[in-house]
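Residue numbers (UniProt numbering), protein chains in the order written: chain V, 1 to 613; chain W, 1 to 498.
One thing to keep in mind: the hints can contain errors.
With a cut-off of at most 25 Å between alpha-carbon atoms, the simulated DSS-like pairs for lysine-lysine come out as follows [stated by the list, open to error]:
id, chain 1, residue 1, chain 2, residue 2
1, W, Lys366, V, Lys166
2, V, Lys172, W, Lys366
3, V, Lys231, W, Lys331
Everything labelled a hint here was simulated from the structure, so no lab data went into it.
In this text the structure is predicted, and so the values were computed from the model without any measurement.
One letter stands for each residue in the lines below.
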Amino acid sequence: MLAHNTRTAFAIFSKRPYICQSCLRRVGKVPLASTRALAATSVRALQTDSEPLPNDGAPFRKLLKDAAKQKKKQDRATPSSSKPSSKGKDARLEKWELTVGIEIHAELNTARKLFSSAATSINETPNTHVSLFDIAFPGSQPHFQKETLIPALRAALALNCEIQHKSSFDRKHYFYQDQPAGYQITQYYEPFARNGSITLYPHDFPAGACPENVPITIGIKQIQMEQDTAKTVLQPPHTHLLDFNRVSHPLIEIITLPQIHDPTTAAVLVRKIQTILKTVNAVTAGMEMGGLRADVNVSVRERNGSSTEHGQSYHGVTGLGQRTEIKNLASVKAVEDAIVAERDRQIDILESGAIVEGETRGWTLGSKSTKRLRGKEGEIDYRYMPDPDIAPVVIGDDLVNHLRHTLPMLSDDCVNTLVDSENYGLTSKDASTLFLFDDGDRLDYYFDVVEHLRHTFPGHPDILARVGRVAGNWVLMELGGLLKGEEWSENRVSSVQLASIIAHLLRKQITSRTAKLLLSLKFDGDARSAEQIIADEDMLLRPLSRQEYLDLAQKLLDEKADMVKDIVEKQQHKKVKWFVGQMMARSAQGTVEPDSAEAVLRELLQLAPMEQK
Amino acid sequence: MSLLRHAKQHLSNQLKYEHLNAFVSLADRASILTRAESADASPQGHNVGKHSPYGRLVAIKDNICTADLPTTAASGILKKFISPYDATVVERLRDAGAIIAGKTNMDEFGMGSHSAHSYFGRVKMEGLEGQEKSAGGSSGGSALAVATAQCWAALGTDTGGSVRLPAAYTGVVGFKPSYGLLSRWGVIAYANSLDTVGVLGSDIETVEGVFDTLNVYDPQDPTSLLPSTRSCLSSEKSLWGPLRVGIPLEYNIETLHPGVRKTWTRSLDLLQERGHTLHPVRLPATQHALSAYYVLAPAEASSNLAKYDGVRYGSRAEGSDGTPESVLFAKTRGQGFGPEVQRRILLGAFSLSAQAIDNYFIQAQKVRRLVQQDFDKVFKACNRLVSRSFAVEETGVDILLCPTAPTLAPLLTDIENQDPIHEYMNDVFTVPASLAGLPAINVPVSIADEDRDVKVREGGFKESAGMQIIGQYGDDKLVLAVGKELMQAASERHDHGT
Numbered sequence: 001m002l003a004h005n006t007r008t009a010f011a012i013f014s015k016r017p018y019i020c021q022s023c024l025r026r027v028g029k030v031p032l033a034s035t036r037a038l039a040a041t042s043v044r045a046l047q048t049d050s051e052p053l054p055n056d057g058a059p060f061r062k063l064l065k066d067a068a069k070q071k072k073k074q075d076r077a078t079p080s081s082s083k084p085s086s087k088g089k090d091a092r093l094e095k096w097e098l099t100v101g102i103e104i105h106a107e108l109n110t111a112r113k114l115f116s117s118a119a120t121s122i123n124e125t126p127n128t129h130v131s132l133f134d135i136a137f138p139g140s141q142p143h144f145q146k147e148t149l150i151p152a153l154r155a156a157l158a159l160n161c162e163i164q165h166k167s168s169f170d171r172k173h174y175f176y177q178d179q180p181a182g183y184q185i186t187q188y189y190e191p192f193a194r195n196g197s198i199t200l201y202p203h204d205f206p207a208g209a210c211p212e213n214v215p216i217t218i219g220i221k222q223i224q225m226e227q228d229t230a231k232t233v234l235q236p237p238h239t240h241l242l243d244f245n246r247v248s249h250p251l252i253e254i255i256t257l258p259q260i261h262d263p264t265t266a267a268v269l270v271r272k273i274q275t276i277l278k279t280v281n282a283v284t285a286g287m288e289m290g291g292l293r294a295d296v297n298v299s300v301r302e303r304n305g306s307s308t309e310h311g312q313s314y315h316g317v318t319g320l321g322q323r324t325e326i327k328n329l330a331s332v333k334a335v336e337d338a339i340v341a342e343r344d345r346q347i348d349i350l351e352s353g354a355i356v357e358g359e360t361r362g363w364t365l366g367s368k369s370t371k372r373l374r375g376k377e378g379e380i381d382y383r384y385m386p387d388p389d390i391a392p393v394v395i396g397d398d399l400v401n402h403l404r405h406t407l408p409m410l411s412d413d414c415v416n417t418l419v420d421s422e423n424y425g426l427t428s429k430d431a432s433t434l435f436l437f438d439d440g441d442r443l444d445y446y447f448d449v450v451e452h453l454r455h456t457f458p459g460h461p462d463i464l465a466r467v468g469r470v471a472g473n474w475v476l477m478e479l480g481g482l483l484k485g486e487e488w489s490e491n492r493v494s495s496v497q498l499a500s501i502i503a504h505l506l507r508k509q510i511t512s513r514t515a516k517l518l519l520s521l522k523f524d525g526d527a528r529s530a531e532q533i534i535a536d537e538d539m540l541l542r543p544l545s546r547q548e549y550l551d552l553a554q555k556l557l558d559e560k561a562d563m564v565k566d567i568v569e570k571q572q573h574k575k576v577k578w579f580v581g582q583m584m585a586r587s588a589q590g591t592v593e594p595d596s597a598e599a600v601l602r603e604l605l606q607l608a609p610m611e612q613k
Numbered sequence: 001m002s003l004l005r006h007a008k009q010h011l012s013n014q015l016k017y018e019h020l021n022a023f024v025s026l027a028d029r030a031s032i033l034t035r036a037e038s039a040d041a042s043p044q045g046h047n048v049g050k051h052s053p054y055g056r057l058v059a060i061k062d063n064i065c066t067a068d069l070p071t072t073a074a075s076g077i078l079k080k081f082i083s084p085y086d087a088t089v090v091e092r093l094r095d096a097g098a099i100i101a102g103k104t105n106m107d108e109f110g111m112g113s114h115s116a117h118s119y120f121g122r123v124k125m126e127g128l129e130g131q132e133k134s135a136g137g138s139s140g141g142s143a144l145a146v147a148t149a150q151c152w153a154a155l156g157t158d159t160g161g162s163v164r165l166p167a168a169y170t171g172v173v174g175f176k177p178s179y180g181l182l183s184r185w186g187v188i189a190y191a192n193s194l195d196t197v198g199v200l201g202s203d204i205e206t207v208e209g210v211f212d213t214l215n216v217y218d219p220q221d222p223t224s225l226l227p228s229t230r231s232c233l234s235s236e237k238s239l240w241g242p243l244r245v246g247i248p249l250e251y252n253i254e255t256l257h258p259g260v261r262k263t264w265t266r267s268l269d270l271l272q273e274r275g276h277t278l279h280p281v282r283l284p285a286t287q288h289a290l291s292a293y294y295v296l297a298p299a300e301a302s303s304n305l306a307k308y309d310g311v312r313y314g315s316r317a318e319g320s321d322g323t324p325e326s327v328l329f330a331k332t333r334g335q336g337f338g339p340e341v342q343r344r345i346l347l348g349a350f351s352l353s354a355q356a357i358d359n360y361f362i363q364a365q366k367v368r369r370l371v372q373q374d375f376d377k378v379f380k381a382c383n384r385l386v387s388r389s390f391a392v393e394e395t396g397v398d399i400l401l402c403p404t405a406p407t408l409a410p411l412l413t414d415i416e417n418q419d420p421i422h423e424y425m426n427d428v429f430t431v432p433a434s435l436a437g438l439p440a441i442n443v444p445v446s447i448a449d450e451d452r453d454v455k456v457r458e459g460g461f462k463e464s465a466g467m468q469i470i471g472q473y474g475d476d477k478l479v480l481a482v483g484k485e486l487m488q489a490a491s492e493r494h495d496h497g498t
């Protein structure tokens, strides 16, 4: 019987490909400490690095711009007749005030799951990283992985939260096939972070979309840690496949106060939180990768406040209208569009004299309106209960202080530094663009270029004052122009080489045309140093003497007497520029400076000197 | 007697008492004999101490995971479940050379006091003239397997008395250690803030031997007491000096069976004769303990049993389950769980619901704290989980002595038509120590002949009442020592023919 049973056990065991054998062994036998080496911590980072994230990072501006264009087109197409025009809408928005609170779920960047030593993973073979506890095997127990606190704490600190000395875990009960235990472990009664805030500055908004009342500060009620669910893969018509790799991946849920009154602000806020989380290395992927999901609470109330006697109160904010919750928005654009749609729906209801029902709604990308999922009577009672198997988490001040001091510079601090510091002096638009590009790699590159240049011109305050702006222009515009959608790489033109090119330019040793040529040579793979190319190709600006300028100019003027006539008699002064161009074209590369050429020409033509630019 | 002969005896008893339904599954007989034989032959086998599990048969309650035998928790939903791993306590027993005898019958998921709520049929204890009596629950199979010598010792689990009550009904020693001493990794949770692995044996030495084998820190169990905390607990209390024995007056209830009450008095007398002093104490919160327990335990159960959905393991209802709107396993859970489990899940889901949690779950937690503080007030030693101080309250008591159950084992026919509340009443004396996480032991003390039913006495049946010794948190060794002394005193008295 023993033998028989053993065989059965093994047979059953081998028929269960969904349990990671190594995870099983690990959980079953090996003490935690000795398993460290097994977790391939770099796997996820590598994966996210190598995969360009579509619609992630910079294109947000583009999305907003495109949306604005689209809207303009629509407005033009439907002149103020049939549908409620934009004017009509504006009038409605003057009467009704929107209020939004957001809950953002973000997957933390950790090597292990929240309550087991199984590794986290993104695109690995389904059901290969699953411990006994992850799939709720009888008799298994949670093992809190305290390392998961580190990215969570970084996120909370970056969002100005108060870290709670003691926090604890609770069970949130609901039945669903992607929830193996029948409950999700979360922090309901005692979250680890409270009372944070985030401030939106002009540079956070896309051009032209910035509201008047910036900076806007939105309160963050709390941040809690919780488990992710399994992934359900639909196989039409009737099959649901379950991948438990994702089960118990650590998430944080960030809950804002209902202090947002504009859909764009909501979108910008989500975007900014996403950027901050990435900057402090708290999360793995972008929102569109499923690494970040948002639920929004939307309500509408009359601005004059005549109907506040039945006002609702959420998170201590009082006098609000009945809210609805729109769940599972997976992109920044979805957040904005869903809020607009829900706001308009609620205003329609209120204007028709009906009342808004408290309910949970859904929204799919591209749709015009939100869809009812379940009403109040269908609300789930989650029966929150403290988890008796998980000890409270006590976080020491030493850890918090260490993380606070080692936190990477945040976007606001960084953008402000780039704008305000005399070392950089960028426009706020350029600063935030630089910050958003390439996960901050472009910014690091820029800092390097500036650093090299500062070392090149120690005793030249006049040049040092321009270094930051000129470098910004070259990194963003000139280099950006060459990239043309190619993936960024700091090795294409090293920061030393770009600094060298810019230094030559600033010393007026080369013309800017030469500088651009140099840059494109280096960009296309010329292995020689900029210095070498300049020497080899004899590119140094060898200024002509005044006599040489005069001779060259006179020769040209003599050749084109008719044009001289136009300039002198018909006052067509712009034609001077043509002569400038000719002078440059006829002399060796980089020997004629346009300003000097024009001055000489004007002198010979007896025109007024150029206006000072 | 050799280990092999003991094993053979146990195996023959397993056949003889098969009809009592103490086991859900038995280990292979041939391999048990082989292992016992090789244990005898090994060098270790020659010097096996009386307390060592080496080469001896230990039965395991069927809610403790074993990789070689099914682990069903006596539930339809796990009727064919085989765990992919051994519980830590099973692993430790195997490492100590114990032979697993089989998996014992129980109340489904530990919910019950008579081991009658089992998917595999009820556990039956033989009474007079073929009567069938309750073996107690929920570890009734383990207790009965020990009482009928189908094994040397058995593991049970005790959530509100599930080791002590069946030990009392079947007349064996049943020990529930302090919460957090024995690993729960691999023990199927019923109410995990209360669940404790317990040990059953025919004498204290056996129980202590198994307890010592299992009493180590296990990093797999997040509630396992850390080595640093363990070292704070090991107060080597003088077991030889006179002890202050507390008599909790609240336990002297009206409905206490006269035989039980007289045995309690006699036991107190026996300890006094041995030089210990007796002190009446009050535990006022005790009267609310049972209600609090039956709010908290079902609440945790409703949560712990949410995982059984037939999706990843366990049995699944035939045909398609659920509706397009509902989850996929309503039917599976409806069919897989027995009525008592369903009742407790519903009770628990209610007491955790938004409308009821304040009045039920939260109140019950407050009562639980009061019960623990009651105990702290009467014990001489302070509770070292609460306070780090070693200060002693000289007027306090060292241990408490009270009955384990208000009655002797009832007839199965009598409990058949009882309402559930009546069944819950059996736990009234065991629940307080569970709520406070304290060590408590049941020792059988023979009922004096003059207090016995004539028919039973003349039928040659031995009859004992279960006496419970409760100690302060961490005083497990003291509880065992007092249990040993009481059993010795009682048997000496018995031998002298009083």
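These are the hints, each one checked on the structure:
{"no.": "1", "hint": "W/Lys366 <-> V/Lys166", "result": "holds (21 Å)"}
{"no.": "2", "hint": "V/Lys172 <-> W/Lys366", "result": "holds (22 Å)"}
{"no.": "3", "hint": "V/Lys231 <-> W/Lys331", "result": "holds (23 Å)"}
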